[in-house]
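*Asks:* Each chain, written out:
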Amino acid sequence: GQQLNQSPQSMFIQEGEDVSMNCTSSSIFNTWLWYKQDPGEGPVLLIALYKAGELTSNGRLTAQFGITRKDSFLNISASIPSDVGIYFCAGQLADKLIFGTGTRLQVFP
Amino acid sequence: GAGVSQSPSNKVTEKGKDVELRCDPISGHTALYWYRQRLGQGLEFLIYFQGNSAPDKSGLPSDRFSAERTGESVSTLTIQRTQQEDSAVYLCASSSSSFYGYTFGSGTRLTVV
Chain A
97 GQQLNQSPQS
107 MFIQEGEDVS
117 MNCTSSSIFN
127 TWLWYKQDPG
137 EGPVLLIALY
147 KAGELTSNGR
157 LTAQFGITRK
167 DSFLNISASI
177 PSDVGIYFCA
187 GQLADKLIFG
197 TGTRLQVFP
Chain B
5 GAGVSQSPSN
15 KVTEKGKDVE
25 LRCDPISGHT
35 ALYWYRQRLG
45 QGLEFLIYFQ
55 GNSAPDKSGL
65 PSDRFSAERT
75 GESVSTLTIQ
85 RTQQEDSAVY
95 LCASSSSSFY
105 GYTFGSGTRL
115 TVV
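In order, the protein sequences belong to chains A and B.
Under the numbering used here, the first residue of the first sequence is numbered 97, with each subsequent residue one higher.
Under the numbering used here, the first residue of the second sequence is numbered 5, with each subsequent residue one higher.
It is possible that part of the hints are untrue.
Claimed, not checked - Cross-link-like lysine-lysine pairs, in silico, DSBU-like; alpha carbons within 35 Å at most:
hint, chain 1, residue 1, chain 2, residue 2
1, B, LYS19, B, LYS61
2, A, LYS132, B, LYS21
3, A, LYS166, B, LYS61
4, B, LYS21, A, LYS166
5, A, LYS147, B, LYS19
6, A, LYS166, A, LYS132
7, B, LYS21, B, LYS61
8, A, LYS147, A, LYS166
9, A, LYS132, A, LYS147
10, B, LYS15, A, LYS132
11, B, LYS19, A, LYS132
Since the hints were derived computationally from the structure, they do not count as laboratory data.
Kindly produce the complete structure, drawing on both the sequences and the hints.
*Replies:* What follows is the structure, encoded as structure tokens:
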């Protein structure tokens, strides 16, 4: 099935560091969303972006909807151990979401 | 209920057997989605139900896969004659509007041996 390209695949960082991950597509999307998945759980919505160029923050998280509408990035500032998990981007295509391949984040104390 | 509920949480089955996976969406959510997540992979769209409209089955990988939903309630995903490559976590999500994202269940981990 169709998936978005997400990078990096995995990251190993120290607590307190900032993190950046991005998502690209060959298709234009009207909505971009970022989800986090903890082990054994379903993904949970972190941030939703609805307009090209939009920059949105949610606590230590900041996400941007690319001007071309084909990409998005997510930044996490001052990482903490509970940030560990898999982060997925998703773009809206008609009535369904197409998900990225995921970025696995490990945070070491 | 308060969230999306899926059952069973884990299922081990023998190759060739049929399995049924159940999803209880959030009450009042008209849209229901099934996704498959293979180990270490992203989420792969399978099927989408919206109210009483015909479902979007474009993501079902083969005719061994089918799903039903009665009205705006429970959905069942059925996999017939399971194969080892069917081993994955099957995630269900529901939404009042896809524009605002989905709420996911915790998934059913299917292992075909």
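*Asks:* Are the hints correct? Go through all of them and say.
*Replies:* Do the hints match the structure? See the list:
1. Distance check on the hinted pair: LYS19 (chain B) and LYS61 (chain B) sit about 24 Å apart at the alpha-carbon level, within 35 Å; holds.
2. Distance restraint check for LYS132 (chain A) and LYS21 (chain B): the Cα-Cα separation of roughly 33 Å lies within the 35 Å cut-off, and the hinted pair is therefore satisfied.
3. The hinted pair formed by LYS166 (chain A) and LYS61 (chain B) meets the criterion: a straight-line CA distance of about 25 Å does not exceed 35 Å.
4. The suggested pairing of LYS21 (chain B) with LYS166 (chain A) is violated, with an alpha-carbon distance near 42 Å, which exceeds 35 Å.
5. At roughly 47 Å between alpha-carbon atoms, LYS147 (chain A) and LYS19 (chain B) are farther apart than 35 Å, so this suggested pair is violated.
6. Restraint check: the Cα-Cα separation between LYS166 (chain A) and LYS132 (chain A) comes to about 20 Å, which is no more than 35 Å; the hinted pair holds.
7. Straight-line distance between C-alpha atoms of LYS21 (chain B) and LYS61 (chain B) comes to about 22 Å, which keeps the hinted pair within the 35 Å bound.
8. Restraint check for LYS147 (chain A) and LYS166 (chain A): satisfied, since their Cα atoms lie roughly 12 Å apart, inside the 35 Å limit.
9. A distance of roughly 21 Å separates the Cα atoms of LYS132 (chain A) and LYS147 (chain A); the hinted pair therefore holds under the 35 Å criterion.
10. Distance restraint check for LYS15 (chain B) and LYS132 (chain A): the Cα-Cα separation of roughly 24 Å lies within the 35 Å cut-off, and the hinted pair is therefore satisfied.
11. A hinted pair counts as satisfied when its Cα atoms are at most 35 Å apart, and LYS19 (chain B) with LYS132 (chain A) qualifies at roughly 32 Å.
Hints 4, 5 from the earlier list are contradicted by this structure; the remaining hints agree with it.
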